[in-house]
Structure formats: C-alpha cells, structure tokens
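Peer 1: Kindly produce the complete structure, drawing on both the sequences and the hints.
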Amino acid sequence: MSAQAAQIVDWKAHLPQGAGAEELYKSFKEKAEALTVKVIRASSKEEAEKAIVAEMKELKIKKAVGVPMTLVDVQAIKEALEREKIKFSLELDRDFIEQAEFGISEFDLGIAELGTIVQDANSVHKRLVSMLPPTHLAVISTKTIVETFADSLEVIEKVYNGNPSNFLAFVTGPSKTADIERVLTIGVHGPGRLIVVCVD
Amino acid sequence: MPIDSAFKVKINKALNDPNLRGALGKFGDIFPEARANVYKGIDFEELRGIIAQNKANAAANVEALANQFVENVVKRGGKVHRAKDGNDVYQILKEIAKARNAKVCVKSKSMASEEIHLNHHLEDTMQMVETDLGEWIIQQINEKPSHMVMPAIHLSKEKCAEIFSQALGYEVEPDIPTMVRLARKTLREHFMNADVGISGCNIAVAETGTMVIFTNEGNARLTATMPPVHVVLVGYEKLAEKFKDIAPIAKALPKSATAQTLTSYVTMISGPAETLKDKVGPEIVDKELHVILLDNGRRELLSDPVFKEAGQCIRCASCLNVCPVYQLVGGHVFGHIYAGGIGSLLTAFFNSLKDTDKVQEMCIGCGRCREFCPGKIDIPNLILEMRNRVRKEIPLPGMQNFIVGTVLRNKGLFEFGLRQASWASAPFTSKGKDGNKYIRSLPFGFKKLADWRSLPGFATTPFRDKIKSMKQEVSGKKGKIAFFGGCVIDYAYPEIGESLVRVLNREGYEVVYPDQTCCGAPAVYMGRQDVAQDIAKQNLEQFANDEFDYIVSACPTCTVALKENWGHVLKDDHVAKEKADKVAAKSLDFIKLMHTLKKEKGGVWEEVAATCDVACPTPIKVTYHDSCHLNRELGVKEEPREMLKVQAHLDFIEMEESDRCCGFGGSYCIKLPEISTELLNRKLKNIENSQADIVAVDCPGCLMSLRGGLDTKKSNKRVFHTAELLDGKY
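These protein sequence lines map, in sequence, to chains A and B. 52 is the number of the first residue of the first sequence in my numbering; add one for each residue after it. 1103 is the number of the first residue of the second sequence in my numbering; add one for each residue after it.
A portion of the hints provided could be inaccurate.
[As the list claims (entries may be wrong)] The calculated DSS-like cross-link candidates involving lysine-lysine, where the alpha carbons are at most 30 Å apart (straight line), are: (1) B:Lys1831 - B:Lys1568; (2) B:Lys1246 - B:Lys1773; (3) B:Lys1550 - B:Lys1773; (4) B:Lys1287 - A:Lys111; (5) A:Lys209 - A:Lys108; (6) B:Lys1381 - A:Lys113; (7) B:Lys1200 - B:Lys1246; (8) A:Lys77 - B:Lys1346; (9) A:Lys129 - B:Lys1287; (10) B:Lys1379 - A:Lys138; (11) B:Lys1177 - B:Lys1196; (12) B:Lys1261 - A:Lys129; (13) A:Lys63 - B:Lys1346; (14) A:Lys194 - B:Lys1539; (15) B:Lys1142 - A:Lys89; (16) B:Lys1539 - B:Lys1831.
To be clear, the hints were calculated from the coordinates, so they are not data collected in a lab.
Peer 2: The following block contains the structure:
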C-alpha cells in the first residue's frame, strides 16, 4: 500500500471562515442542479443512509459498489440494501465494480459557485467506484462547501501542507460530450448520472 | 510558396462543404452569446490580465520553473524525461512500452501528440487508441483535428455513423446518443486492457509538480487510472509558477472554450497514485508515472522577443470560435495542426515557417479574436509580424513582389500607376443606381476582381489635384490640419476628401494636403516591413511638421499606419522613430477628430451639417458599419454613433453584427476573393435586413466593398463616408 493512502487528512481543520453557510449550500445546489445533478440534503447520518438506499431502490439497482466512508455507516447501508435484495460490494474487485450500476463514495469538498465536488482520489478503490458505474452517488459534508474554486485550492494547499495528494478529482456534473455536431450528450466514459447527498 | 492554386482548391472544397459550413456556422453564431452568459458577473479584462501576467512571468522564467517542476515530480516518485522533439518522444515511449511489454495504449486528448504525429510513429510498438470521442472518430479515418477543443466538428452525424459502422463492423444509425453509448462500450474494453495511458496536460505547476487536466468525457481520468503506467506529455509553455495560478486558468478555460462554467472533470496529478497490480489487482501498487517535458520549438517561442506573447495561449480556441474566416473554412484549411490565427503562430515554432506559410495568409486581420483571447494575445498583429518573417524566407510570387517591392516603394512610380489606372479602366466604367461610377467586369485575368462585387471607377481628377482649387473659407481660424488622404480617397473617392475639408473648415481649421504617398499598410499586410519603412520615411518628411495642430485621415487603415505602424517599423531608427512618434501623437481618424473637437466645445453635441443636399421631409434611416481597424485597432466605437445620432436629418438604427468584418481587408480581397465574397454577402444580408436607407462607414475600403456589393445585388441602399454625411452630401 502506498504511503499516501494511509495518511489521514483533516479537511475540516483547514476550511475558510463561513464554509458550509446556508447560502453556500443554496448556491451549490442551484449550480449542481443546473447540470442535472440531483442534490439531497440529509440532516443526519441515518437520514443520509436512508436516502442512499431509497435512490438505489428508485433506480431499480441490482448491483452496487462503495468504499469505506466516515460520513455514513456503509455497513448499515449494506445491510439495508441486502434486505432490498440489492447486491452491494465494498471489495476492491475491479471487474465487479465495472459491472456495477451504481457507485457510492465520499467527497471532501464542495464548491458553491460551480456545484463542483472535490475528492482526494489517491485511493484506486475510490477512483474505480466513482468512475466506472453509470451512476455515482457522492456523499459530502455540508460544512465543507466553500465558496470558490480558488478557495478550494487554498484549502488543498493547507490540508496537504503544500504537497497535494497524488490524485485530486474535481467533478462538476455528469460525464458529457458534444463532439458530434455540438449536440450535448450525457454519459460518455464517466457516470451519466450524478447524485450528491449533503450531510449536515 | 504563398497561396497557390492547389491551396485554392482546398479553400473552395471547404466553402462548398455543407456539413462543415453548417456545423461551424451554427457554433460560431451561438458561441459569443453562450460565452457571454457564463462570463456574467466576471470582470474578463481583469481575469485575462492576471492570466497574461502569470503566463508572461512563467515564460520569462521557463528554465527555472522547468527545473523546479522536474525536481518536484521526481521527489514524489515520478520519472521525468526531457524531449527536444518528436523523435525523442517516440524513443522514450518505445522504451517505456518495451520495459512493460506493452501492447495497448489508451490516449486522452493531447494536441502536443498530434503535433508530433505520435500515433503514426508508435503504431508499430503498441495499438494506439484515442479515447476522446472526437479524437477516436477522426483517428478511424486518419484525419487530423480541425479544432483544438472539438476535433471532429467538421463531420456530420451521418458521416460519424459511417465511421462507426466501418470501425465496429455493423450498421450504426446516425443517432448521436446511440453512437456515444457504443463509444463508451468499445472504449471501456480498451481501458480495461490497456498497458499504458498517455495524456496531455493543461497546466504544470512548478511549485508542487502538479499536472492539471480538464476533460468533459472522463477519458483522462480513466487513462490516468486504469493502466499501470501513465505518461503525461507536457509542453514547456504549460508551466505555471504557483499552485494558486491554476485558479484563473480554471476560471477562463472552460468558459472561453465551450461556454461551460467548468469542465465535468478537472484532474490534478501530483505523484504516482495507487493502481491495481497487473491491471486487475486486488493488490495495490504505486503507478508508474512518467512525465515527458516536450520542447519542440517551445523554448525558442518563449524566448522570442516578439512571439513569446503567443506562449500566453491556454488553448481554449475561442479565437477560432469567433474568427469569421475559420467559421467558413475550418481548421483543415485555416490550420496546420493547430488551427486558426493562434495556430498559424504556434505552427511556425512547433513545426516550421513553411508549414505556416499559407495558413497565416488566411487571417484577414479583423481583430475579433483579440477581444476574446483570455491570454490577451494580440493575434492579428503577431500574424503580421509572422508574415514579415515568413516572407523573408519565402518571397511572394514575382508580380506581387514587384508591385509591393518596387512600385509601392517608389513614390513617383506609384502615383504614375494610379493615374494611369484612371484612363485604363475608363472603358469598363458605367453608372450605378446610386449615381456612382462602377467597374462591373474586367477582361482577361482580371475577371475575378470584379465579378463578385463591382469596383469603383477611378476618379478623373485625384484629390491631390482637386484640393488645389478648393476655396477654404475659415472664419475664426483655430489652426491648421494636415490631411493624409490615402490611395482610395485620393484616386477613387476624392469627394470624401472634399467633404472632409468643408466640415473641418466649418470647425475653424484650414486643411492642407502635404505631398504624400501610400501609407505603407499594404506592404505591412503583405509581409514587407522593409518596404513599409521606406514609405513611412518618405511620408514623415512632410508630416513631421510643427505647424500642424492635427493630422487627420479618413481611412482607419491609414490612421493605424500613422499612429502605430510607422513608429513600429522604424523602431530601430532613432531619428525616424522620433518623427514617427510626433506624427502618431497628433494623428486622429476623421470621426474621432470631429468628436474631439465637439467635446472641446464643452461636450455639447450639436449638429454638424446644416442641411442635406436632397429635400428630406422625414429623417433618413441610417445605420453604421464598423471598420475593423477603427473599432478594434483604434478603439473608436461610440464616437461615430454619437455623431450620427445628433444629426436632425438622420434617424440612427443599429444593424445586426455591425462590427463584423465586411471582407474587404485591403489586398486580402484580391488574394482571397472566395473568402471575401462570403464575408461580404453576410454583411449585405445584415444591411438589407436593417431597414436603413443609408449605411454610414468610416473606411473608404469598406465603402468600396459595400457599394460594390450592393451595386452587384441591385440594391437601393446607399453607402456614405461619415465625412459626406456630416457635410450634408447625401
């Protein structure tokens, strides 16, 4: 296992003043929704877990994958999903992840002005889960929504003390292309559907 | 060889390609508004000022930044290779592939790899798979991108379906979502099997060793994730000093490129991230991360005293999206590998002067790209510099070279030629609907000059003779103004000069016409600054005279010559430069001068013309066509409108796309009439739709072009110079 994977980073300690403010959440939601992202607000861990299960049920998902998380209890989610006969794997099994219809992972920051979510994606597990399945559900803490892209860079500089993580992913809406006749088409190589659950 | 018949065939093919015209035309038309929407609330001038400054600083410190970047990448566990050219890149990649026994390579978009024809040179080593949808499509038919951001914009969905059918071995319907789904499926297999991933890089941060990649499809993330080896191809011009310098580029690039607030994915790689052992895992190992730092002419570009400015490019391609010429012909004609105006500059360094020779000739110099460039690059003027450099290596063909090098340079010969033109063209001249003389067709090899729009008949008496007999009655004389007439007014439209004299007389100034020759602009536009130097000196002898309060021209191209070109071409000749600066300081275009004089009177606008020549019970509807040089080079936009609006006899209305180039472009319309015709027709359509009776212009070149076009179309609209309108001659 690489050195960086084991490193535990504390994002909350380095957020700018005012991060997570109500108007930042509002702007985040508005910008993300304009990009077809579904934004769900959860006041508690349990509410978030319920919302995640509900989303998968609604989409009639049979196979889903996830990674270990801190904002929600993935074991509780797994048990709830199993009751719904939804297969949910937390294993780093490349081919299973590729076959899955739904992936869930945790993101570290939100950007209000853009509806963007940011993830330290040094973990290959996180990357596969957030890239390969056609739907991705990202869990973020409402408190970590900062105002601007430049703010997010400042946080990153502080969090990693000037040595940014090997792989940082900024995600703004679903995967898309307009390469044929400039017609916007959703869902090329990455997920065509993006859901963000903001946990208070 | 400058533009030749083979190149003309390419141009005509592009002009007659409905797919190309449809796709590019549509995008070009919607882009400015879409872009303006995403930039709402953002101070673009401030933003591009920051980007330009950061990029210029990075260029000035490129060697130090490169060293710092390399050091940081190595410190984090990446391997760095410096490549002086394409050959180096092929060798480095072949070795990487050999060490891994690699068979399949997935590639996410990289213009640098296109520039060195990477796929072609590596296809014997590995299967090279482009994974950006547009790139994958053109790879199937062995084409080069026609746009830096949208490589397959020149292909229709029907053509794409054919390509898909051919590549997949079964019939694919021309349905875009279906094709995108099939591309996902097909390329996913390649991602799962690939041994090596190659990607480009938009920003390389020296401070942290971070490489930033912007994509929408997500192929760069997969390229950087799935294979155990990731190679990033980084051009020296991508270096940025600080991590925080990413922010301004991230703010501008997606907005200027595709009118998006941000691309779907921004990937920042600062070291070898985790990967699955032997592609499948589940054991986790560190990725093998290689960085190839590519020179291939970049260091020469970044250290060039003139062209280093082109290094401020962030490859958004908004200059292409707003270029009226690119919109007509696309990047396979207006481009070598990098397309459009900026492409013609980069090509000279990344490829060769020969490769940019014809491409740079496509620029009409309208200056629209400069207003949009987030790197604040003066693309049109750099192209003129490039033309000058190209023409030193590759001269113009004999006749053109003789005209610009000998006739234009020689004052007497030039005047003689123009005077002869008057009687020589007389037999082909007849009267138009508006009462002016036109040449509608010319015999022999000159046919192309007049068959798409009528030319003006030459005046029997040039202005230089006419002014001698003009009685100038100036009451309450305030001073003396020297008039630089320019060839078009002098020999084709002396009446504009006469109006100018009368209007300025009324303002209290005597107008004199010092001995003069061509302003030298044609020489500059044809890449002969050496000729322009001689011409400028001849004119300066007469114009650098303290007795003139102002120097006025009624041709914005001449005004640009007086205000900018003369000083520029004579920058190394101190004595002449001093004179040129003196002239530049008091030179104004006619309408700007009128605006200034009126403003001096306390800023109260008053009518200039007391009456008009024809009885007009109701005000005449007049619209305004902006000359590119006046509007974008001299920054005069509102002044003519303000002057026209206060005229009681005129009812001013704006037309659509009033600032879009009319296609004249001086020698451009002789060099590339095919392009000029298309540009002119669009302008004429806007004029017809405007409901105006009169089109006001400030440039006699535009006037010539518009009158000629309207005459050919048998239109009732009339075109006047503002000097004539302010003189009541309409």
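Peer 1: Decide if the proposed pair is consistent with the structure: lysine 1550 of chain B and lysine 1773 of chain B, CA atoms, cutoff 30 Å inclusive.
Peer 2: holds, 10 Å
Peer 1: Lysine 77 of chain A and lysine 1346 of chain B: Cα distance at most 30 Å?
Peer 2: holds, 26 Å
Peer 1: Is lysine 1142 of chain B within 30 Å of lysine 89 of chain A, Cα to Cα?
Peer 2: holds, 25 Å
Peer 1: Could you grab the alpha-carbon distance between lysine 1246 of chain B and lysine 1773 of chain B and see if it respects the 30 Å cut-off?
Peer 2: Since the Cα atoms of lysine 1246 of chain B and lysine 1773 of chain B sit roughly 26 Å apart, the hinted pair holds (cutoff 30 Å).
Peer 1: Given the hint that lysine 1379 of chain B pairs with lysine 138 of chain A, test it: the Cα-Cα distance must not exceed 30 Å.
Peer 2: Since the Cα atoms of lysine 1379 of chain B and lysine 138 of chain A sit roughly 25 Å apart, the hinted pair holds (cutoff 30 Å).
Peer 1: Is it true that the CA of lysine 1261 of chain B sits at most 30 Å from the CA of lysine 129 of chain A?
Peer 2: violated, 47 Å
Peer 1: If you draw a straight line from the CA of lysine 129 of chain A to the CA of lysine 1287 of chain B, is it 30 Å or shorter?
Peer 2: holds, 29 Å
Peer 1: With a cut-off of 30 Å on the C-alpha distance, tell me whether lysine 1177 of chain B and lysine 1196 of chain B pass.
Peer 2: holds, 24 Å
Peer 1: Mind checking the alpha carbons of lysine 1831 of chain B and lysine 1568 of chain B for me, to see if they're no more than 30 Å apart?
Peer 2: Since the Cα atoms of lysine 1831 of chain B and lysine 1568 of chain B sit roughly 17 Å apart, the hinted pair holds (cutoff 30 Å).
Peer 1: Lysine 63 of chain A and lysine 1346 of chain B were given as a pair; does the straight-line alpha-carbon distance stay at or below 30 Å?
Peer 2: Given that 30 Å is the threshold and the Cα spacing comes to 20 Å, the pair holds.
Peer 1: Hint check: lysine 194 of chain A vs lysine 1539 of chain B, CA-CA at most 30 Å. Holds or violated?
Peer 2: This hinted pair is violated, its Cα atoms lying about 75 Å apart.
Peer 1: Can the restraint linking lysine 1539 of chain B and lysine 1831 of chain B be considered satisfied, given a maximum Cα separation of 30 Å?
Peer 2: holds, 17 Å
Checked against the numbered hints listed earlier, the structure breaks hints 5, 12, 14; every other hint is satisfied.
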